[in-house]
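Novice: Next come the chains, spelled out residue by residue.
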Amino acid sequence: MQHPLAIRRALIPAIVLALGAPATLALNASSAAAADEAAPDDGPASGVLLLKAKGVSQALPAVRLGTDMAVTVTGQVARVRVTQAFRNTSNAWVEASYLYPLPQDGAVDSLKMVVGQRVIVGEIQPREKALATYEAAKKSGTKASLVEQQRPNMFSTLVANVAPGETVLISIEYQAPVAQANGTFSLRLPLVVGPRYVPPHTLTGQGAAVDAQAVTSAPVLDPALGVKLNPTSIAVRLAPGFDVANLVSRYHKVNVSGPLNDRTIRLDESVPADRDFVLEWRSAAADPTLGLFAQHTDKGDYVMASVTPPVDLSRLPTPPREMVFVIDNSGSMGGASMEEAKASLVHALGTLRPQDHFNVIRFDNTMTRLFDHSVAATPDQVGLARRFAESLEAQGGTEMLPALKAALADAAIGGGNDPDTLRQIVFLTDGEISNEREMMAAIDADGGRSHVFMVGIGSAPNDYLMERMSTIGGGVYTHVGAPGEVAAKMMPLLDVLSHPAVRNMSVRVEGGSLDLTPSRLPDVYAGRPLVLVGRTAHLAGTLTVSGMIGSKRWEKRVDLTRAQPSPAVEKLWARRLITDVEADRALGKLDDAKADAEVERIGMESGIVTSRTSLVAVDQTPSRPQGTPLTKEDLPINLPAGWDFATLFGQSAATVGRGADAADGGAAMQSQGLDLPQTATGFVGLVAEGLALLLVGMTGLALLLRRRAA
Amino acid sequence: MIRALSPARMKEAARGRGLPMLLLLAVCLAGVVEIGRGLYVPAKAAVAQVLLERAFDRSLAAHRPLKPWPWVDMTPLARLSVPRLGVSRVILDSGSGQALAFGPTLLPGAAPIGARGTAVIAAHRDTHFRFLRDLHAGDIVTVRTRQGLNRRYRVTGTSVVRWDRYAAPDAVMGERLDLVTCFPFDAIRRGPLRYVVHTEVVTAHRDGA
Numbered sequence: 005m006q007h008p009l010a011i012r013r014a015l016i017p018a019i020v021l022a023l024g025a026p027a028t029l030a031l032n033a034s035s036a037a038a039a040d041e042a043a044p045d046d047g048p049a050s051g052v053l054l055l056k057a058k059g060v061s062q063a064l065p066a067v068r069l070g071t072d073m074a075v076t077v078t079g080q081v082a083r084v085r086v087t088q089a090f091r092n093t094s095n096a097w098v099e100a101s102y103l104y105p106l107p108q109d110g111a112v113d114s115l116k117m118v119v120g121q122r123v124i125v126g127e128i129q130p131r132e133k134a135l136a137t138y139e140a141a142k143k144s145g146t147k148a149s150l151v152e153q154q155r156p157n158m159f160s161t162l163v164a165n166v167a168p169g170e171t172v173l174i175s176i177e178y179q180a181p182v183a184q185a186n187g188t189f190s191l192r193l194p195l196v197v198g199p200r201y202v203p204p205h206t207l208t209g210q211g212a213a214v215d216a217q218a219v220t221s222a223p224v225l226d227p228a229l230g231v232k233l234n235p236t237s238i239a240v241r242l243a244p245g246f247d248v249a250n251l252v253s254r255y256h257k258v259n260v261s262g263p264l265n266d267r268t269i270r271l272d273e274s275v276p277a278d279r280d281f282v283l284e285w286r287s288a289a290a291d292p293t294l295g296l297f298a299q300h301t302d303k304g305d306y307v308m309a310s311v312t313p314p315v316d317l318s319r320l321p322t323p324p325r326e327m328v329f330v331i332d333n334s335g336s337m338g339g340a341s342m343e344e345a346k347a348s349l350v351h352a353l354g355t356l357r358p359q360d361h362f363n364v365i366r367f368d369n370t371m372t373r374l375f376d377h378s379v380a381a382t383p384d385q386v387g388l389a390r391r392f393a394e395s396l397e398a399q400g401g402t403e404m405l406p407a408l409k410a411a412l413a414d415a416a417i418g419g420g421n422d423p424d425t426l427r428q429i430v431f432l433t434d435g436e437i438s439n440e441r442e443m444m445a446a447i448d449a450d451g452g453r454s455h456v457f458m459v460g461i462g463s464a465p466n467d468y469l470m471e472r473m474s475t476i477g478g479g480v481y482t483h484v485g486a487p488g489e490v491a492a493k494m495m496p497l498l499d500v501l502s503h504p505a506v507r508n509m510s511v512r513v514e515g516g517s518l519d520l521t522p523s524r525l526p527d528v529y530a531g532r533p534l535v536l537v538g539r540t541a542h543l544a545g546t547l548t549v550s551g552m553i554g555s556k557r558w559e560k561r562v563d564l565t566r567a568q569p570s571p572a573v574e575k576l577w578a579r580r581l582i583t584d585v586e587a588d589r590a591l592g593k594l595d596d597a598k599a600d601a602e603v604e605r606i607g608m609e610s611g612i613v614t615s616r617t618s619l620v621a622v623d624q625t626p627s628r629p630q631g632t633p634l635t636k637e638d639l640p641i642n643l644p645a646g647w648d649f650a651t652l653f654g655q656s657a658a659t660v661g662r663g664a665d666a667a668d669g670g671a672a673m674q675s676q677g678l679d680l681p682q683t684a685t686g687f688v689g690l691v692a693e694g695l696a697l698l699l700v701g702m703t704g705l706a707l708l709l710r711r712r713a714a
Numbered sequence: 210m211i212r213a214l215s216p217a218r219m220k221e222a223a224r225g226r227g228l229p230m231l232l233l234l235a236v237c238l239a240g241v242v243e244i245g246r247g248l249y250v251p252a253k254a255a256v257a258q259v260l261l262e263r264a265f266d267r268s269l270a271a272h273r274p275l276k277p278w279p280w281v282d283m284t285p286l287a288r289l290s291v292p293r294l295g296v297s298r299v300i301l302d303s304g305s306g307q308a309l310a311f312g313p314t315l316l317p318g319a320a321p322i323g324a325r326g327t328a329v330i331a332a333h334r335d336t337h338f339r340f341l342r343d344l345h346a347g348d349i350v351t352v353r354t355r356q357g358l359n360r361r362y363r364v365t366g367t368s369v370v371r372w373d374r375y376a377a378p379d380a381v382m383g384e385r386l387d388l389v390t391c392f393p394f395d396a397i398r399r400g401p402l403r404y405v406v407h408t409e410v411v412t413a414h415r416d417g418a
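Chains as they are written, first to last, in the numbering used here: chain X, 5 to 714; chain L, 210 to 418.
The set of hints was computed from the structure by calculation and includes no laboratory data.
One thing to keep in mind: the hints can contain errors.
With a straight-line Cα cutoff of 25 Å, these simulated SDA-like cross-link-like pairs (lysine to any residue) come out [what the hints assert, rightly or not]:
id	chain 1	residue 1	chain 2	residue 2
1	L	K253	X	G689
2	L	K253	X	K303
3	X	K257	X	A486
4	L	K253	X	L695
5	L	K253	X	A486
6	X	K593	X	G515
7	L	K276	L	Q356
8	L	K253	X	K257
9	X	K303	X	A136
10	L	K253	X	T540
Rough simulated footprint, nothing fancy, chain X against chain L, three-plus residues with beta-carbon under 8 Å [to be verified]:
id	stretch
11	275-288
12	309-316
13	350-357
14	386-394
Facing chain L, a subset of chain X residues (Cβ under 7 Å, in silico) [claimed, not checked]:
id	residue
15	G554
16	R557
17	G689
The beta carbon of each residue, even a glycine, is placed where N, CA and C say it ideally should be.
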């Protein structure tokens with residue numbers, strides 16, 4: 005049964021590609037080189053989402069899904085139980101598949117399947133073995149479920165043999181660290197996966213096609229049906245260890261109850277899964293004196309420490325900067341996202357000073373540099389850039405790599421060749437692409453002294469891509485999720501941009517040993533903590549983080565023995581290790597086979613779902629009678645809130661034609677701002693005015709003469 | 210009425226109800242002047258087009274730019290026609306507000322006609338480019354330049370932008386032509402909005418036919 009499935013998985017993208025004409029070459033070509041040649045000149049095909057051919061669901065699915073999330077926040081870790089209820093409303097036996105997002109730094113460690121009164125606990129297995137176990141169970145007619153990781157922030161659940169009218173509950177659990185910036189803690193629960201763009205040049209073989217199929221398998225429900233799917237309820241128990249203040253739910257209405265240090269937050273009513281849930285809070289006290297947690301296990305001690313550099317850098321002079329803004333105007337940005345991106349860019353342009361240099365690059369499946377090289381930020385040039393930004397329209401595919409390379413490339417020329425100049429790239433996108441690894445590799449290879457700052461746009465951006473690109477690129481990730489948020493979210497980012505990172509950072513442990521992650525220390529900015537997770541045989545000693553801020557030396561010491569206990573640190577450490585392995589893989593330091601083996605080892609050891617390990621649960625008793633057919637259904641997802649369905653799926657002929665036009669030029673395209681002249685003579689107004697005057701005059705005269713005659 | 214303006218009557222008028230009478234006469238006069246000024250605009254636009262049409266034909270024959278009348282500083286550049294609407298206009302090579310009174314002009318900041326990039330032609334919404342409101346996607350616009358270059362463009366769409374928020378794609382996007390006028394068409398006052406008709410080239414004949 006495994007073989008036919010593999011074929012079917014490969015077949016669907018193959019059909020889609022056949023429709024996308026020239027890109028088919030990529031699959032048929034025996035050499036990767038041939039594929040590379042085919043990619044650049046395939047015009048319209050490159051602007052087509054793989055989804056397009058099959059990606060729209062015009063009817064409601066037979067299997068209905070409801071999701072409940074129960075979250076417990078203790079200290080700086082969230083433990084989340086996600087319960088997915090699959091209800092089969094049809095008369096047939098069904099296999100359902102659902103694609104959903106989880107936080108990119110979360111670690112899934114538990115799967116339970118509830119069938120009637122029985123609870124079947126899932127076990128962790130290497131990916132292929134888990135799939136084989138699942139397929140065997142499916143074939144024999146027993147209920148089974150499989151949780152696979154497609155991307156670090158994208159998972160899929162498969163449930164086999166759901167009887168007509170039956171409901172099967174799948175419960176998974178994960179933990180994720182709570183993010184912190186400038187004293188604000190934030191918890192993000194992603195609820196929907198945005199449709200991804202698959203660049204045709206990445207489809208170089210069977211494996212790539214299967215992978216592309218996996219990340220685009222969920223069809224999008226046509227909004228014309230007027231219904232929203234996948235209702236979600238959320239309850240958060242917030243016990244961070246201090247009194248909570250300024251509790252805000254960014255995008256959803258919530259009810260809050262309970263004492264200040266143990267809040268309960270519930271969604272007002274269940275919501276359709278179409279945008280991320282974000283909860284933010286601060287400490288009521290000035291200093292939460294938190295940030296150090298430890299877990300004691302048989303395998304050793306695990307510790308997590310957050311170290312925040314001093315916030316007040318306002319007296320430091322801001323060196324001249326070269327800023328390159330890259331803005332995504334692909335089809336997935338259509339609707340509110342494009343407006344948010346434009347507003348964010350215009351806001352950022354407004355903060356340029358005359359001594360700064362800048363450039364703007366826009367991309368969909370084509371790319372335009374506003375200037376050949378970065379230019380001085382004179383009012384004229386900034387005005388031109390503003391007009392350029394205002395004129396952008398969302399359309400086409402998402403070829404992000406050429407735009408990133410262009411932004412990184414001109415490091416040696418333009419205004420930024422002074423070594424004291426800070427070179428910063430501000431990248432505004434929703435990140436809905438499938439070739440994340442290529443992006444990371446490009447930043448590492450060509451990054452030079454550029455710092456890459458990601459601004460995630462829209463209701464459900466690809467946070468994994470954003471987080472990794474900004475970490476590897478030595479910047480920070482900011483999310484703008486609603487049009488009203490642009491100023492509030494861009495201000496802190498621009499503050500960060502105006503001051504250099506803590507430089508020459510180093511971490512050392514005295515009086516003990518500690519195996520620390522991340523192995524490559526990221527750049528750290530004011531108000532943004534450095535979060536270290538480590539393992540040691542016995543926790544002891546002092547952790548010292550030091551670095552240079554401007555010309556001053558900064559140092560922070562943490563006594564490791566004063567850590568508070570937390571049951572989540574071990575899993576987070578495993579997740580961190582995997583992130584390190586994946587980074588090495590993306591950067592070419594580790595070949596695929598070795599990286600896979602390493603990820604599999606860590607996944608099996610700590611029992612978490614990874615790209616190489618899946619959780620599988622199989623019932624013992626067969627339920628589907630032999631000979632009864634089983635129908636497979638890919639559950640549709642909502643279009644993320646604020647996305648424009650027509651832009652994404654209904655690309656007009658004119659748009660495609662434009663894309664083809666653009667592709668044959670190949671080189672960077674320029675667009676030119678032009679003031680349009682006043683083009684109204686207003687002669688109709690003059691004539692009307694004259695007639696009115698004449699009428700008034702004549703009427704007056706007539707009255708006057710009549711009175712005199714009388 | 211004219212008799213009422215004789216000096217004797219005016220003196221008499223000034224004594225009695227004459228002052229209001231005088232004021233009303235002034236109002237009437239102002240009205241007539243306004244109407245005259247107003248009507249002069251389309252008259253000038255129409256006459257100029259006739260003269261330009263002749264100058265354009267002569268320029269084509271003479272293979273050099275000829276002025277439509279001696280004291281102007283512009284020359285006819287091309288003839289733009291919309292066969293479906295039976296419209297023909299002679300385009301001028303100067304973007305000054307003065308030239309706009311006589312005919313549509315090619316904006317100097319944009320690409321020239323016949324080169325890769327976007328050429329931009331502007332004209333008044335109430336005279337030469339009033340027909341833009343009747344142009345729809347798919348319509349064919351033809352342009353013949355003074356040098357004998359022929360171009361056929363197809364309308365791809367229209368948009369409304371602020372005068373200072375317009376950007377024209379160039380070079381890589383191929384040969385394009387944007388026709389620009391003020392918006393809305395029936396407004397009495399002048400406003401910041403511009404109506405843009407986007408077209409792209411369909412065929413490019415290099416012969417003189």
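Novice: Does each hint hold? Answer for all of them.
Specialist: The hints, checked one at a time:
Pair hint K253(L) plus G689(X) holds up; C-alpha atoms about 16 Å apart against a cutoff of 25 Å. Straight-line distance between C-alpha atoms of K253(L) and K303(X) comes to about 94 Å, which puts the hinted pair past the 25 Å bound. About 15 Å separates the Cα atoms of K257(X) and A486(X), which keeps this hinted pair within 25 Å; it holds. Between K253(L) and L695(X) the CA atoms are separated by roughly 20 Å; this keeps the pair inside 25 Å, and the hint holds.
Our distance criterion of 25 Å between C-alpha atoms is broken by K253(L) and A486(X), whose separation comes to about 53 Å. Annotation: proposed proximity of K593(X) to G515(X) is violated, straight-line Cα distance about 32 Å (limit 25 Å). For the proposed pair K276(L) and Q356(L), the alpha carbon gap of about 15 Å is at most 25 Å, so the pair holds. Taking the CA atoms of K253(L) and K257(X), the gap is about 64 Å. The hint is violated against a cut of 25 Å.
A threshold of 25 Å between alpha carbons decides the hint, and for K303(X) with A136(X) the separation of about 31 Å lies outside it, so the pair is violated. Simply put, K253(L) and T540(X) have alpha-carbon atoms about 91 Å apart, too far for the 25 Å limit, and the pair is violated. Look at the stretch 275-288 of chain L against chain X: 0 of its residues bring a Cβ nearer than 8 Å to a Cβ of that chain, fewer than three, so the hint is violated. Check result for the stretch 309-316 of chain L against chain X: holds, 3 residues qualifying (beta carbon to beta carbon below 8 Å, three or more required).
Three residues within the 8 Å Cβ limit are the bar, and the stretch 350-357 of chain L against chain X gives 0, so the coverage statement is violated. Counting residues of the stretch 386-394 of chain L whose C-beta lies closer than 8 Å to any C-beta of chain X gives 3; at least three are required, and the coverage claim holds. Interface restraint check for G554(X): the shortest CB-CB distance to chain L comes to about 40 Å, outside 7 Å, so the restraint is violated. At about 48 Å, the closest approach between the beta carbon of R557(X) and any beta carbon in chain L exceeds 7 Å, and the interface hint on this residue is violated.
Restraint check, G689(X) versus chain L: the minimum CB separation of about 4 Å is within 7 Å; hint holds.
Of the numbered hints given earlier, the model fails hints 2, 5, 6, 8, 9, 10, 11, 13, 15, 16; all others are met.
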